[in-house]
Amino acid sequence: MSRTILICSGKGGVGKTTLTANLGIALARQGSSTAVLDADFGLRNLDLLLGLENRIVYTAQEVLAESCRLEQALVKHKQEPNLSLLPAGNPRMLEWLTPDDMQKIVGMLEERFEFVLIDCPAGIEDGFKNAAAASREAIVVTTPEVSAVRDADRVIGLLQTRDIQPIQLVLNRVRPKMMANQEMLAVSDVTDILALPLLGLVLEDEQVIVSTNRGEPLTLNGSRSPAGLAYANVARRLRGEEVPIVDPSKESQGFRARFSRLMQTKIF
Amino acid sequence: MTLRDFIDRLLGRQAASATTARQRLQLVLAHDRSDLNPELLEQMRREILEVVSRYVEIDLEEVDVSLETEERVTALVANLPIKRARPKPLEASATGPAA
Ligand SMILES: Nc1ncnc2c1ncn2[C@@H]1O[C@H](COP(=O)(O)OP(=O)(O)OP(=O)(O)O)[C@@H](O)[C@H]1O
Ligand SMILES: [Mg+2]
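Order-wise, the sequence lines are chains Y and H. If you read the first sequence in our numbering, its first letter stands for residue 1, the second for the next number, and so on. If you read the second sequence in our numbering, its first letter stands for residue 1, the second for the next number, and so on.
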């Protein structure tokens with residue numbers, strides 16, 4: 001049985017595409033054949049993060065029009081052939097895809113791959129509805145900021161009315177120091193408010209930008225950077241491995257860290 | 001409440017911004033999730049008071065009607081302290097809690 005997972009957020013720019021690219025590579029490296037589908041055809045980005053921007057010839061649109069076969073449209077990653085990219089369409093597309101089209105394409109991908117990851121566009125309009133139509137489970141990405149959490153809440157409500165299950169949370173761009181000083185929503189604040197199980201916790205990490213510049217996701221070379229490790233762990237958990245999540249604001253040692261932990265103690 | 005919140009309050013300092021963020025989110029999500037705007041809520045509050053006031057005398061200073069949300073379930077929580085019961089319920093036509 002293959003698993004089709006929507007990666008969405010509501011608010012834009014919180015890290016959906018970065019997660020999709022890194023997770024796709026990590027799943028493939030760990031032995032699961034994986035396809036990533038860029039459902040954001042207005043603003044395509046996934047090809048760029050994967051370093052595949054020069055290799056796209058066809059999109060899902062040509063496959064649907066039967067002007068090419070699925071195999072021709074799939075772009076296989078050279079270093080990690082267990083991963084393929086399929087763009088849903090291109091910005092010059094004459095006819096926009098419908099939810100039916102998405103279901104057809106995803107149905108074809110599910111025959112060939114263990115994991116199908118759908119990179120969802122921001123917002124809750126047509127782009128989101130198309131991408132959600134074909135999904136069975138979802139990962140909601142958010143940052144520990146009020147606007148991102150509020151938008152995530154809207155999306156979770158919409159996913160629940162569509163019976164998408166399970167819905168899991170990835171908390172991105174966490175800054176442990178700010179959290180320890182209570183100048184950033186705590187991990188438990190976000191998971192309590194959204195009432196979702198936490199699938200992963202990714203720190204703010206400059207290496208994300210460096211890897212984006214190169215078009216080589218952190219998980220491609222087994223990076224030991226905090227974000228690289230976090231993405232690899234998300235993949236392990238999706239594959240059913242038990243990997244504990246450590247709260248970084250509660251982890252560090254030393255007097256200052258112990259003092260801020262003391263200040264975080266819930267007294268009533 | 002965390003120890004830091006407690007000390008902040010003791011010293012009259014502004015609360016840590018994470019605490020403020022949490023409280024603001026809880027409030028805004030209670031409204032987002034229930035799709036009730038403040039006007040409707042206010043109207044509901046007035047009508048609830050009107051009905052309850054027919055049977056008991058309410059301490060109007062202490063009345064609190066608000067939306068709360070937990071585990072993605074939103075509840076309308078009304079806290080209406082009772083001063084005393086009315087010996088005989090007022091007529092339904094009596095308008096407003098002031099009657
Ligand atoms: N953990 C992180 N640490 C540092 N920077 C990050 C992290 N995650 C994402 N970013 C940066 O945030 C920006 C937005 O990321 P990304 O494009 O993945 O978001 P998105 O949710 O796909 O955006 P959109 O809604 O526009 O599709 C990028 O510049 C990316 O490098
Ligand atoms: Mg994106």
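Think of the hints as simulated: they come from the structure by calculation, not from any bench. C-beta atoms are modelled at their ideal positions from N, C-alpha and C, and glycine is treated no differently. Certain hints may be false.
Unchecked claim - Listed next, with one range per pair, are the computed distances between beta-carbon atoms:
hint	chain 1	residue 1	chain 2	residue 2	range
1	H	Glu42	Y	Cys68	20 to 28 Å
2	Y	Glu137	H	Glu42	36 to 44 Å
3	H	Ser17	Y	Lys76	41 to 49 Å
4	Y	Trp96	H	Leu3	48 to 56 Å
5	H	Glu42	Y	Lys104	48 to 56 Å
6	Y	Arg224	H	Gln14	24 to 32 Å
7	Y	Glu251	H	Glu57	52 to 60 Å
8	Y	Arg224	H	Arg24	32 to 40 Å
9	H	Phe6	Y	Phe255	18 to 26 Å
10	Y	Glu137	H	Glu57	49 to 57 Å
11	Y	Lys104	H	Met44	41 to 49 Å
12	Y	Gln160	H	Val51	31 to 39 Å
13	H	Asn37	Y	Glu137	32 to 40 Å
14	H	Arg24	Y	Gly157	12 to 20 Å
Against the structure, the hints:
| no. | hint | verdict |
| --- | --- | --- |
| 1 | Glu42/H x Cys68/Y: 20 to 28 Å | violated (60 Å) |
| 2 | Glu137/Y x Glu42/H: 36 to 44 Å | holds (40 Å) |
| 3 | Ser17/H x Lys76/Y: 41 to 49 Å | holds (47 Å) |
| 4 | Trp96/Y x Leu3/H: 48 to 56 Å | holds (54 Å) |
| 5 | Glu42/H x Lys104/Y: 48 to 56 Å | holds (49 Å) |
| 6 | Arg224/Y x Gln14/H: 24 to 32 Å | violated (39 Å) |
| 7 | Glu251/Y x Glu57/H: 52 to 60 Å | holds (56 Å) |
| 8 | Arg224/Y x Arg24/H: 32 to 40 Å | holds (37 Å) |
| 9 | Phe6/H x Phe255/Y: 18 to 26 Å | holds (21 Å) |
| 10 | Glu137/Y x Glu57/H: 49 to 57 Å | holds (54 Å) |
| 11 | Lys104/Y x Met44/H: 41 to 49 Å | holds (47 Å) |
| 12 | Gln160/Y x Val51/H: 31 to 39 Å | holds (33 Å) |
| 13 | Asn37/H x Glu137/Y: 32 to 40 Å | holds (33 Å) |
| 14 | Arg24/H x Gly157/Y: 12 to 20 Å | holds (19 Å) |
Comparing the model with each numbered hint stated earlier shows that hints 1, 6 do not hold.
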